[in-house]
Every structure is written in structure tokens, then in C-alpha cells.
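Visitor: Residues per chain, in single letters:
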Amino acid sequence: MRPFELIAPTTVDEALATPGTFLAGGTTLVDLMKLDVLTPQRVLDINDLPLRGIDTGDGLRIGALERMSDIAAHPGTYPVISRALLLSASQQLRNMASIGGNVLQRTRCTYFRDVSSPCNRREPGSGCPALTGANRMHAVLGTSDSCAATHPSDVAVALVALDAEVRLVGPDGSRTVRLADLYRLPGDTPEIENDLRPGELLTEIVVPRLDWASNSTYVKVRDRQSYEFALCSAAVALDVRDSRIVDARVAVGGVATVPWRLTAVEAALRGRPATLATFSDAAAGAADGARPLSANGFKTSLLERTVVRALLELTEGDRA
Amino acid sequence: MTTTRLDAPLKVTGRATYASDHTFPGLAHGYVVVSTIAHGEIESMDVTAAKGSPGVLAVYSPFDPLELRTPSTAFLGETWVPLQDREVGYYGQPIGFVVAETYEQARDAAMLVEVTYRRRPARTSLQDGLATAEDAPPAMDGSPPSLSVLADGVESIEDALAASPVVVDATYRTATQNHAAMEPHSAVAVWEDGTLTVHSGNQGSDLQAQELANALQVDPAAVHAVNPFVGGAFGGKGRTSVPAFLAAAAARALGRPVKAALSREQVFTATAGRAATVQRITLGAERDGTLVAIRHDSWSSTALDRSFVEPTSHGTSREWYSTRNLAISQKMVPLTISPTTFMRAPGEAPGSFALESAIDELAVALDMDPVELRLRNNSTAPPGRDLQWSSKHLDECFAIGAARFGWADRSPQGHTDGDWLVGLGTATAMFPALRFPATVGITLRDDDTAEVATSGADPGTGLLTVLALIGAESLDIAPERITPRLGDSALPSGGMSGGSTATASTGTAIMVAAPKAIDELLALAAAPGAPFAGRDVSYADGRVLADGGSMTFGEVLRAVGRASVSVTGSSAPGEEMTKHSFSSFGAQFCEVRVHRWTREVRVSRMLGVFDAGRIINRKAARSQLMGGMIWGVSAALHEGLDVDADGRPSNADLAGYLLPVNADIGEVDVALVEHPDTLHNSVGARGLGEIGIVGMAAAVANAVHNATGVRVRHIPITIEDLLVPPVRGS
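Quick note, the sequences are listed as chains A and B, same order. Heads up: the first sequence at position 125 corresponds to 125 in this note's numbering, and the numbers run straight through without jumps. Heads up: the second sequence at position 354 corresponds to 354 in this note's numbering, and the numbers run straight through without jumps.
It should be emphasised that the hints constitute simulated quantities derived from the structure, not laboratory data. Note that CB positions come from ideal geometry on N, CA and C, so glycine has one too. Certain hints may be false.
Pairs of lysine-lysine residues, derived as DSBU-like cross-links and limited to a Cα-Cα distance of at most 30 angstroms, are as follows [what the hints assert, rightly or not]:
no., chain 1, residue 1, chain 2, residue 2
1, A, K34, B, K11
2, B, K11, B, K619
3, A, K34, B, K619
4, B, K51, B, K11
Which residues of chain A face chain B? A few of them, derived with a C-beta cut under 7 angstroms, are [unchecked claim]:
no., residue
5, D36
6, S116
7, R224
8, Y227
9, F298
10, S301
11, T306
12, R309
A partial selection of chain A residues facing chain B, derived with a Cβ cut-off under 10 angstroms [claimed, not checked]:
no., residue
13, D114
14, T132
15, A134
16, L231
17, L302
18, E313
Sequences are here, hints too, so could you generate the full structure?
Guide: Written out as C-alpha cells, the structure reads:
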């Protein structure tokens with residue numbers, strides 16, 4: 001870790017007026033500073049900013065500094081959000097990490113995190129060892145010849161499934177964008193991970209009201225039962241009436257460079273009976289367009305299975 | 001006995017002082033610089049920026065080295081010391097050492113060191129090296145890398161297999177592993193009046209002191225190694241660590257105390273770990289399951305220095321089953337990877353994954369219960385040897401285990417529970433009963449307490465408590481009156497705490513020392529002018545007895561004006577080795593649940609039943625065995641150091657190198673059959689430190705096969721190994 005200047009603004013205006021790197025829970029930034037991956041000269045500790053509160057009046061509004069653990073425990077949170085949070089990281093990390101930081105966290109790609117390795121995301125143009133190296137954890141969807149790193153957040157997958165929006169405040173004013181639109185595919189510029197403008201601060205997450213999302217869940221498949229990132233995850237919500245699917249939301253994580261909404265699977269579910277046959281047929285297209293690497297080809301099959309499992313758990317319960 | 005370990009309160013309240021907890025006035029901090037290539041030569045190191053960085057006291061490198069010689073000791077042979085040449089043989093090799101006023105300053109400066117290399121190609125694939133593998137050096141018992149035992153009239157193992165009605169033949173693979181002890185390798189070194197004191201977690205303080213004296217070219221009496229608390233070792237702290245060598249040498253050069261500790265990432269490369277293995281096993285059997293032939297060919301990765309070979313076939317097939325024909329071989333493949341060394345059950349742990357998987361495959365081929373197959377081939381002596389097992393109750397372990405685990409309810413096709421496929425697996429565990437030479441000092445004090453002391457280490461094994469318990473028994477006093485001491489090279493030489501030997505080795509030495517102490521006490525008591533002058537005296541219950549009276553030993557000492565009586569007792573393997581074969585035994589059972597759709601494997605319950613002779617402290621024994629079994633699950637489902645083609649490990653931290661978390665471990669049950677083995681040593685205890693891990697990975701793999709019908713012949717077993725259609729039951 002290199003020496004840096006630490007400032008703690010107390011108002012949003014003050015934070016926006018001061019160039020620097022925002023620090024919320026610190027669970028990504030401090031980690032990457034220790035590894036020399038990020039070397040900010042000035043760090044703005046934004047924890048004193050008034051960006052708190054969970055409001056369930058019309059939809060769900062979550063202040064960007066709310067901690068993962070508090071949101072997970074809030075009775076007004078949709079099950080898919082709560083489960084995605086509780087299956088993330090560890091209790092200690094969830095107590096520290098903010099929701100704003102969570103959706104903007106950096107990839108866990110081993111090459112990104114090691115400054116002695118090339119990495120197009122960290123050092124544009126330096127190359128991507130993951131394409132031929134250790135890529136079992138990497139993405140099969142949304143990849144490019146420059147980068148195949150996954151977006152590591154669980155709750156972002158749930159939020160994208162629910163069409164969440166984020167409120168951004170910058171020196172030139174504020175704007176609201178869909179979270180799904182905030183993320184950028186790596187393409188030729190993997191170093192640009194999102195559409196945040198310089199100095200812009202994420203202040204709030206807004207989940208539009210969706211009453212039937214009370215029937216939602218998050219399934220996370222990983223190599224150990226806790227404290228591990230997803231090999232594949234699925235956020236699903238189903239509106240089932242008289243055993244028929246009226247509407248569906250499906251998004252997946254661990255398999256794509258950004259939280260990955262599966263609108264085609266949703267369409268294939270609508271109007272069909274809520275049965276295993278429907279789920280299997282719909283999930284069969286989940287991995288369309290996948291570009292497997294040397295060690296992650298299994299993710300296409302796992303993706304379909306995870307979606308089916310999540311839909312089954314939603315309709316039949318987690319049996320035993 | 002069932003006793004809470006004596007150091008537990010200190011450890012759980014954070015009051016135990018580990019090596020890097022020590023601090024001294026003027027303490028400087030060192031940070032190790034490691035290579036970022038796997039193979040080549042260092043052309044240059046630009047340390048200008050590092051030397052100019054705030055607080056930096058010195059930057060050492062192969063171009064400006066610390067003075068260290070390669071130490072060589074009788075017990076350990078040669079141990080590598082850093083900075084003495086410009087050769088790089090693995091990624092993450094120590095190549096520099098920055099010392100500064102604070103740890104952060106040293107670390108920041110270390111990041112400023114610019115290294116230029118002349119690269120040579122990395123060689124990291126064990127598989128690619130199989131064709132050019134070298135014969136391993138002789139095994140630790142001196143046996144050649146390849147050996148065979150053939151029945152009369154049988155020409156070759158191939159003939160024996162060809163004549164076998166049922167044959168299974170498969171190749172198994174195990175991953176590179178790291179001990180990843182909770183306490184990173186670390187040291188604090190202080191020179192005072194020409195004498196070095198080193199605080200550094202290690203498995204044998206006297207051996208560490210010898211290595212340091214040798215490396216620093218000073219009188220062995222001038223080195224004092226202290227490590228009463230060791231935060232895990234598992235074989236990975238047998239040799240003196242790089243931080244200990246560097247801190248000691250830098251402290252001498254700078255005239256200041258120096259602390260050095262590896263970062264967690266560095267622990268994965270700058271130490272030594274477990275080799276990857278490839279093993280081909282061919283079993284030939286009669287239709288009733290009687291083994292006709294075992295062939296076990298093994299390949300182990302090793303570093304360029306050929307530091308250590310994982311003896312998988314010698315550690316298992318050589319001894320485990322009764323068979324008329326046996327052929328084993330051991331080869332090694334030198335790679336540009338971190339050194340290899342002992343890790344809990346070296347040889348037996350990965351070897352048993354292969355052998356016990358193969359036995360399970362044979363049971364399937366024979367349509368026979370795997371427990372029955374193992375007992376059918378239960379041996380009374382290692383194949384081709386006359387020396388029978390001194391005390392073997394493996395059949396009892398399986399009988400108790402099968403009943404306790406509900407083995408009789410197992411279906412050969414497993415069963416389902418909701419969305420989970422459930423399977424049961426079993427495996428044999430064995431680990432040789434060994435002893436190392438050990439000396440223990442006993443001091444009887446005039447306050448009616450006694451000290452039992454040896455230089456050996458307690459890296460979480462419970463040795464400190466064992467010293468108190470066996471000391472109390474041998475001196476016939478309550479354990480509370482014993483002060484056990486260890487982890488200090490100034491104490492009588494306890495040698496290496498490794499090889500599951502410490503209880504048997506030091507316990508026997510206590511049983512030699514205690515009668516000597518009592519004899520000396522009695523001589524004092526009956527000497528002219530003493531309280532029992534000229535009378536027949538005896539000793540019991542901490543008292544000297546004579547006609548018409550008795551006194552505690554403290555009273556006797558006070559009466560004769562002595563503060564204490566001190567003796568030492570030594571023990572070493574001896575004549576018993578010519579009379580019997582010695583091993584601990586166990587039966588491992590486990591139940592796994594595999595998700596019908598997404599194929600995660602969960603170990604829901606496991607049971608190990610062990611025959612390790614007399615148990616000195618049931619509580620600690622149970623914990624030790626549980627820890628080994630859990631590590632077996634870790635090996636089966638989680639652990640593996642992944643090395644890129646260029647030699648860089650891709651998961652060298654505890655986020656990427658997976659160990660099980662609490663949620664991964666279901667019910668763990670341990671049972672002990674307690675048959676004292678006094679043919680091995682007078683305490684009757686055999687080792688149990690390592691046997692807990694043995695067989696467990698195979699038991700998991702066998703249970704996975706039972707649940708899913710999929711035979712996975714490598715560890716760790718991960719989800720993609722089981723994503724093969726059809727999904728049974730769905």
C-alpha cells in the first residue's frame with residue numbers, strides 16, 4: 001500500500017468538489033490498495049455522507065451507504081435480494097460492505113489482482129493471460145478477446161433481474177439509469193467497466209415496485225458452502241397464477257462479464273405451465289452465445305441447471 | 001484421561017505469545033522480495049528507489065547478500081538458504097530482503113525493487129514430465145524406488161495380474177497442496193553478546209538452532225531457538241524458514257533485532273508444500289475378493305533441487321493388504337515449482353486416495369461390499385515380510401464403524417433424499433508407528449512439584465499436555481503438580497515433532513527418566529544424615545516410604561538441603577524393530593449428498609474409528625483426528641494449488657486456495673479402540689497425528705460414486721466432474 005491522503009467529506013457537494021477515490025465499506029478498495037492494484041493519491045471516506053436509509057413506500061429505495069447485512073435483514077426487501085446478500089462474502093464483510101460499493105466492486109480475476117501479471121482491464125493493451133490460463137472461474141457470456149473476467153456481485157444479479165435503477169450525482173447534476181445499463185461489456189476497452197462519469201457518485205438504488213417478486217429466490221452454486229464467489233448463480237422471480245406462469249424474471253451471475261439478464265428465458269416461460277418441462281425448455285437457451293474458454297466449458301451446462309434448479313425451488317421448495 | 005489442553009486458555013484468549021508477537025527495543029522489520037518468474041537467472045536488481053524509500057535500513061539481494069551458508073544436519077540434510085546465487089527455480093522464490101523501521105515501510109520499499117531476469121522456459125506440468133521421469137531416491141527406510149514381492153513360481157507382476165480372474169486398472173491424480181498453517185512462517189531474531197535468540201515457529205527448536213548455527217557459522221551453543229507456541233506446522237515447519245535465516249543474518253549485520261514474516265501469498269510459494277502425484281494402480285483378485293496382485297506405480301512432482309518425493313506407493317501398497325504378489329515403483333518429475341516437503345501423512349494421504357479408490361473399484365467389479373473386501377484381505381504382516389503387526393485391530397474398527405454409521409443400510413446404488421443424491425463411502429487408513437530419538441529432563445523440586453521438559457514442539461498437537469499427563473503418571477503425582485516445558489533449544493533434545501512420533505518418543509523418554517529421578521531421590525533420602533538414613537525406602541504417590549514413616553519428595557529435598565533433583569532420560573527405536581511391524585490403523589466412513597441438478601458435493605457426516613494403541617488424552621486425540629478427517633474432506637473437494645504454464649500460481653491466497661468452511665463440514669464422529677501397544681514402546685501409545693487424514697479423500701470419492709455412479713479419479717473433485725448426463729433419478 002502506498003501513502004495516500006485521506007479526507008472525510010460530510011456533504012455530497014463537498015465530496016463532489018474534491019477529486020479523489022471514494023471509500024465506503026472499503027472491502028474492495030483497501031484490498032486492492034494492499035495489492036498495489038489501485039494506488040489512489042487521495043481517498044475520500046464518504047461514510048459520513050447522508051446516503052442511508054431503506055424506504056419501502058413505493059418500490060424499494062436503498063441509500064448507497066447501507067450495509068449489506070442491514071439490507072438483507074430488512075423486512076421490506078424482496079427475497080431474491082435478501083438471499084443474494086446473505087449468500088455473499090462473510091458476515092463480517094457484509095457488516096462492512098455498502099450496497100453502492102457492492103454493485104461497483106471490481107472483478108476477482110487472479111490476473112487483475114496481481115500486478116506482476118499482464119491484464120487488459122488493469123493495464124490496457126498489456127494482454128489477457130486468463131484467456132489461456134486459469135479461467136475456470138471466468139465468464140462464458142459477454143466476453144471479448146480482451147477480457148473474460150466475471151462481475152463478482154451476487155446482489156447486482158438480483159437487482160438487474162428486478163430492473164433496478166441507480167441514482168448518480170455528479171458535478172454536472174444528477175441522473176438515474178438502469179443498473180443493467182450502467183455496466184459495460186469489456187469489448188476492446190475492458191478498463192472501462194461502467195458508464196460512471198468522472199467524479200460521479202452512486203447515491204441510491206431504486207427497485208421498482210413488483211409485488212409478485214415476493215415469489216423470488218437466488219441460487220448460488222460454488223465450490224464451498226460459504227465465503228466463495230459463484231461458479232454460477234441465478235436470480236429468479238415468478239408470477240404464477242393457476243399453475244400458469246404470467247410473468248418471470250431471470251438473471252444469472254458467475255458466468256458473464258456483467259450481471260446477465262436472460263430475457264429470452266423469461267419470454268419462454270411466460271404463458272406456460274409451471275412445470276419442470278417448461279423450465280427445462282426455457283433454460284435450454286440460457287447459454288446461447290456462450291464462448292467457453294479452456295477450463296470453464298462446464299458453465300454452459302451448469303448455467304442451464306442452475307436456472308432450472310432456481311425455478312424448481314421457487315415452485316416446489318428446496319427439497320431436503 | 002480426558003483433559004483440556006493446558007495451553008488452551010492462553011490460546012483462546014490471545015495471551016499465548018507466538019513468534020512474531022515478540023518485540024524488542026530497536027526492532028527493525030524485514031520484508032521478503034520474491035521472484036515473479038519461475039525459471040531463469042536474475043540479471044540485475046535495481047534497489048536504488050527501495051534504498052531511498054522512507055525508513056529503509058538495508059536492501060539485501062544476491063548482489064549484496066547476507067552471509068549465509070547452506071546448513072547441513074544429520075536429521076534434515078541440507079536446507080536451502082536465500083540470496084546466495086542468482087538462480088530462480090520457481091515463482092515466488094525469495095530473492096531479496098528489505099529491512100526498515102516499520103513493516104509498512106519495508107513492504108512499500110520492497111515493491112520498488114526492479115528485477116531484470118534472463119528467463120528460461122518454465123516446466124510446470126507433471127503430466128508432460130511423466131515420460132522423462134527419474135527414479136526417486138531410496139525411500140526413508142532405505143528401500144529402492146522399485147521393488148516387488150512375487151509368490152513362488154510367479155515370474156512377474158504382469159503374469160500374476162494376467163492370472164487374476166478379476167482385474168481393475170486405473171490412474172489417479174492428486175493436486176499440489178500447501179500446508180497454509182494459520183501462523184505464517186515468521187521470526188524475530190535478537191543478538192546479544194554474540195548469542196542469537198530466535199523466536200520462530202518450528203517443529204524442533206534444537207534442530208532449528210543447529211541449522212541456524214550452521215548457516216551463520218557460529219558455535220551451536222551461541223544459538224537459542226525458542227518456540228513454545230507454534231501456530232500450525234503440519235510438516236511445513238520442519239526446516240528452518242526463510243524469514244528465520246534472513247532475520248537472524250540481518251540482525252547480525254545491522255546490530256538490531258529484526259522481525260520478518262511471510263505474507264499469506266508468500267507462504268504459498270516461499271515455503272514448501274505437498275507434491276502433485278499421478279498413480280496407476282492395477283489390482284488382480286480371485287472372484288471371492290482375495291487379492292492376487294497389487295501393482296502401484298507412482299509419479300511425484302518435485303522441485304528442481306529434487307527436495308522431496310511424495311512416497312505414495314511405498315506409503316500404502318507396500319504394506320496395507322495381504323497379497324501374494326506386489327510390485328511398486330516411485331518416480332519423480334523435477335519441475336520449476338516451489339519445493340516439496342512433508343505434509344500431514346506424506347505418501348499415505350495421496351497414496352490412500354489412489355489405493356482406496358482402487359479397492360472400491362474392485363468391490364464394484366466383484367459386486368462385493370467394500371468393507372467385506374477390505375477385511376478379506378486384512379494382513380497380519382506387510383507382504384513378503386516376516387514381522388507381524390504388533391497389535392492390529394482394523395477388523396474391530398470396521399465392525400464398530402459399520403454399526404455406528406449405519407453401513408448395513410447402504411445400497412450399492414446409493415439413495416435419494418429430495419433433490420439430493422446420497423451415497424456412503426469407506427476407506428482404510430494406516431500410518432506407520434514410528435519413534436524418533438528423544439531426551440526428556442525431569443526435575444523434582446522441593447515445593448513438591450516437578451518439571452518435565454524437552455526441546456520438541458507442540459504445534460497444536462497437545463504435546464505439552466502429554467508431558468504433564470505421562471509425567472504425572474510416571475512420578476505418581478497429580479498432573480497439576482507437573483510443570484511441562486517445551487519449545488526451547490536449551491532444553492533436553494526432543495528432536496522433531498513430526499511423523500506422529502512425539503507422544504511415543506517423549507513419553508518413553510519420560511518413562512526412562514522418571515525411575516532415574518526416583519532412584520536419585522531415594523538415594524538422597526537414605527543417605528547418611530538424611531531422614532531415612534540406612535533404611536529400606538520405596539516411592540509411591542509422590543512420597544518416600546520407609547518403615548514407620550513417609551515424607552513427600554519435597555519434604556525429603558528440604559530435609560537434605562536440596563532445591564531439586566534433575567535427571568534426563570532418553571529413548572530411541574531399538575530392538576523392537578527386529579521383532580514386529582508397527583502401524584496405526586483406522587476405518588473411515590463418510591456420507592455425501594450431491595445435488596441432482598447443480599452437482600455440489602456436501603459431506604453430511606463422517607466417522608473415523610482408529611486403533612492407535614493407548615490413548616493418553618482422549619479429548620486432544622479426538623480433536624487431532626477430527627482435524628485430519630476434515631483436512632481429508634478439504635483434499636477431496638477443495639484444495640489444489642493451480643500453477644499456470646509459466647509457473648505462476650493462480651490461486652495463492654486463502655480466497656482462491658479453498659479450504660472448507662464450517663458450513664462444508666457436517667457431523668464428525670470419532671471412535672477409538674484402545675489396545676495399548678507395549679510391543680512398540682513402554683507407553684503403549686502409537687501415533688495418531690496424521691492418520692486422521694489418511695483414506696478420507698478416497699472415502700469421499702467412493703461415496704460420490706455410490707451417490708452418482710460417477711467415478712472421479714482425481715482430487716479435488718469439483719462440480720464439473722459430476723455434470724455428466726444422465727442425472728440419475730431426474
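Visitor: So, for every hint listed, does it hold in this structure?
Guide: Going down the list of hints, with the structure as the test:
1. A:K34 <-> B:K11: Satisfied, since the Cα-Cα distance of roughly 29 angstroms is no more than 30 angstroms.
2. B:K11 <-> B:K619: Roughly 16 angstroms separates the two Cα atoms, so the pair holds.
3. A:K34 <-> B:K619: 41 angstroms, violated
4. B:K51 <-> B:K11: 39 angstroms, violated
5. D36: 6 angstroms, holds
6. S116: For A:S116, the interface hint holds, since the closest Cβ of chain B sits about 4 angstroms away, which is under 7 angstroms.
7. R224: 5 angstroms, holds
8. Y227: With a closest approach of 5 angstroms, the A:Y227 hint holds.
9. F298: 4 angstroms, holds
10. S301: 5 angstroms, holds
11. T306: 6 angstroms, holds
12. R309: 4 angstroms, holds
13. D114: Cβ of A:D114 sits 8 angstroms from chain B, so the hint holds.
14. T132: 8 angstroms, holds
15. A134: Given a least distance of 3 angstroms, the restraint on A:A134 holds.
16. L231: 6 angstroms, holds
17. L302: 6 angstroms, holds
18. E313: 8 angstroms, holds
Consistency with the previously given hints fails for numbers 3, 4, ordered from lowest to highest.
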